[in-house]
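Chains A and B, in that order, are what the protein sequence lines are. This note's numbering applies: residue 1 is where the first sequence begins, and numbers increase by one. This note's numbering applies: residue 1001 is where the second sequence begins, and numbers increase by one.
Calculated from the structure, these hints are not laboratory results. Do not take every clue at face value.
Mimicking DMTMM-like on lysine to aspartate or glutamate, the simulated pairs with C-alpha atoms at most 25 Å apart in a straight line are [said to hold, decoys possible]:
{"no.": "1", "chain 1": "A", "residue 1": "Lys43", "chain 2": "B", "residue 2": "Asp1549"}
{"no.": "2", "chain 1": "B", "residue 1": "Lys1152", "chain 2": "A", "residue 2": "Asp199"}
{"no.": "3", "chain 1": "A", "residue 1": "Lys201", "chain 2": "B", "residue 2": "Glu1141"}
{"no.": "4", "chain 1": "A", "residue 1": "Lys201", "chain 2": "B", "residue 2": "Asp1148"}
{"no.": "5", "chain 1": "B", "residue 1": "Lys1152", "chain 2": "A", "residue 2": "Asp65"}
{"no.": "6", "chain 1": "B", "residue 1": "Lys1415", "chain 2": "B", "residue 2": "Asp1549"}
{"no.": "7", "chain 1": "B", "residue 1": "Lys1152", "chain 2": "A", "residue 2": "Glu200"}
{"no.": "8", "chain 1": "B", "residue 1": "Lys1300", "chain 2": "A", "residue 2": "Glu200"}
{"no.": "9", "chain 1": "B", "residue 1": "Lys1005", "chain 2": "A", "residue 2": "Asp65"}
{"no.": "10", "chain 1": "B", "residue 1": "Lys1279", "chain 2": "A", "residue 2": "Glu203"}
{"no.": "11", "chain 1": "B", "residue 1": "Lys1207", "chain 2": "A", "residue 2": "Asp65"}
{"no.": "12", "chain 1": "A", "residue 1": "Lys43", "chain 2": "B", "residue 2": "Glu1275"}
{"no.": "13", "chain 1": "A", "residue 1": "Lys180", "chain 2": "A", "residue 2": "Glu41"}
{"no.": "14", "chain 1": "B", "residue 1": "Lys1434", "chain 2": "B", "residue 2": "Asp1526"}
Far from chain A, some chain B residues (derived; all Cβ distances over 12 Å) [what the hints assert, rightly or not]:
{"no.": "15", "residue": "Val1020"}
{"no.": "16", "residue": "Val1144"}
{"no.": "17", "residue": "Asn1197"}
{"no.": "18", "residue": "Lys1234"}
{"no.": "19", "residue": "Tyr1528"}
{"no.": "20", "residue": "Gly1577"}
C-beta atoms are modelled at their ideal positions from N, C-alpha and C, and glycine is treated no differently.
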Amino acid sequence: MATRRDAGGNPIPDNVAPAAKVWGKENYPYPQGAAFIECDEMKCVGCGICQMACSMQHFGVINKDLSRMRVRKYLLPLPKAIQATCLQCPPQERECEKACPIKPAAIHFDLNTLHMVINQETCLGHGCRLCRRACGIDVIKVYPSVTRVPFVCDLCDVENNGNRNPQCVNVCPYGALYFKTSTGMGGYAIHDIMRKHPDEKAELIARRLYPLTRESMVYPGWKK
Amino acid sequence: MSEIKFSLLEVDLTRETSRVVDVTEDVKKYLGARGLANKLIWDLVPQGADPLGPENILHIGVGPLTGLIGDKTILSFKSPLTGWVGRSATSGYIGDEIIRTQYNAGILIKGKANRPVYLHVYNDEVKIEDASDLWGKWKQETEVTLRDRLNKQTSEMFAVLCIGPAGENLVRYANVTTEFVHSASKWGCGAVMGSKNLKAIAVKGTKGPLYADHQQVWQLFKTYATSPRTALHKLTESRWGHTTSMPTLLRYACEGIKNNHLSYNEIVEKSNHLEHQLKYHVWTDGCPGCAAACFVPFFKNSQRGAFGGEFRHDNVGGFNANIMLGYEDMPEIAALEDELGMDGEELGGIVAWAIDLFEHGIITREDLGGIDLKWGSVETACELMKKIAYKEGRAPAALAEGFRRAYEVFGEESKWYAFEVHGCAAPTYDVRNKHHGMGLTAGTSHTGARIGLGLDSALSEAATFCNFATGPFAQIWGSREEVARVFLNAACGWNLTVADVKDIALRNYYFNRCISLREGYHPSKDDYLPPRAFDEPITDKYGTTWVWDRAEFEEEKKKHYVKNLSLTEAGLPPREGLKRLGLDFVIPVLEPMGAIG
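Work out the full structure: start from the sequences and follow the hints.
Listed below in structure tokens is the structure:
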């Protein structure tokens, strides 16, 4: 009997019941040209299954801190989860690439495979973090005990051959992640509007709940 | 595939020390959380110890599957309300953070701090910090202040478990909350934390979970996450949360109306989950690793203030029609309950009882510190709740001690109006209703009248899977035992069979019951229902009348012990069963008490 494989091409152990149809990317066309993962904050429930998929795909373990997708749980003061991931910004707005002290930049957009890449050889390592600071939304991740070099969303093209297949979008039970073509002038979205730190997004969402008149409800303090 | 190790973080608040203990062998025998906690309570808490004294323990239990099938954290302790074994379950991401510190058998709190403190756990860094500035604060402010402070120190988002003023003041049904809306409510774990001067526990882990085979765990998990069965489940849970159960139960005479006195009444029609959702639902939130996402917080801005929170059966069911209110009035009560930190089910029953006693002249305005209690009044109910939390006045202070202790203050005549089993309020799942109610479950429980007491929970609360998340798992894999087997084997590297899993469930159930038996519970003297269950019939909306006959209850109880709980007809664990399951060490202790079948 042939080995059963799931939607990601991985073998399914015999004790697993037949895999069901995956929803997510099948529901809309595969993007042509430059594309990115868009986060729909109000749909996200914070299950973190995207993070598990991400760390499995890249490191073979389940560990949210090894995920390129970021999900933070806020108290606004009601609990709300907010995601953030690399927006594969257009050249004009690619602050990480501009900030890299190496020339050519170790972190760059690969025009052949259409996603961000960090050069393992030339990158100065997790101690530098200038790209991370320039980006400002903490989606260039570091985890020194496992990798010397930071890591960033490569749309699950692990072998860097152009086969983009983001697993997080595949598994998200709430369809809160879209793998879609960048649209706008010249084929590029204006990403700086969307490039907001989760803290900033949280503050905006919290405004739905204000003004609060009850004394015990306190304003989320992280911006103070 | 090698087996994983299980580590327990043991914190002694008296000595201000901590250490990590390897409990792998115990976890293999009992699983984690409530299973392991049985052993800890049996070994560490002396027989007859004061639940509010330093000898009691508090186990913040996670287990092998926390974060995979829901995100359950089970708090275990000796209950200050019943004096028997106690456990409270909560969700939220606190469990996930504990798992990611790799203290995968949880955190054990011993002793008592000499000043208000909070426990700070950041991977290997364990500190007992001063909490004098947090002491006295209501829950939301406590949690936001602490999370904000730790976020500034570490730029990490900590998960926080904390108590409110009720826990500090040792109200015997005070609860513990995380993320403001996830409560570990039952049997007074908040009072246990308060008695230890422990205001909060803040945890952050970045090490990732320990699994024997990550690839296999992920394949199992992905099967769940992408199954159409899960899709259907999540559509219901994520839209309604738990707001739908109460209107249904009210119509079927399964939920209290006017302190469980009334049959179907028009007040029931005021609990409307569709209206509630369309008006006040803000978004949906879930626990790590769960696609069901059953938390649907509400936010209501009214002339009386802005109220946020969550409707659960546990925090709304006891109030609502039971004090002659509807969903429209509940946001304020639910939010205040969460802020003060009390078990809503218990408090609902207590407040309804107090209104009843006031109406019948058994307690007076002076007893209540100047409140004119009445049915259908949000204002007076909130006033009373605040007084109970701070134990202000003769009656509120007595109510804060629970039914059994309050009888001594209010006298014999107050007993008829109390709807309680084992000293725990039973406003929900009306014990008279034999179809949907919990008469037999509550009446035979060794922990007090609550749901989640049988063999099912002995498995789920030890393997740590969430009952609200289990549905699609059980549909995909066939049964709960099979779910536990495949996930435990993949996560821990074991080779369990379904029979092994069933044995573990039975072992944990017996062991749990044995602790209560050691602490004074005995089915012959404790397993009965309140007089009103036999003498005050109720009729549901569709015309069925429910009431127990005394002889019938005794007969059904015996059958329930044997058929559903694998006990003897007297409700005791059988000697042969204890021996077979490796629990023979309890026999010498329980034998002289006549507690072995």
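Next on the checklist: For a quick check of understanding: which of the numbered hints are violated here, in increasing order?
Outcome noted: As far as the earlier hints go, 1, 16 and 18 are violated by this structure, in ascending order.
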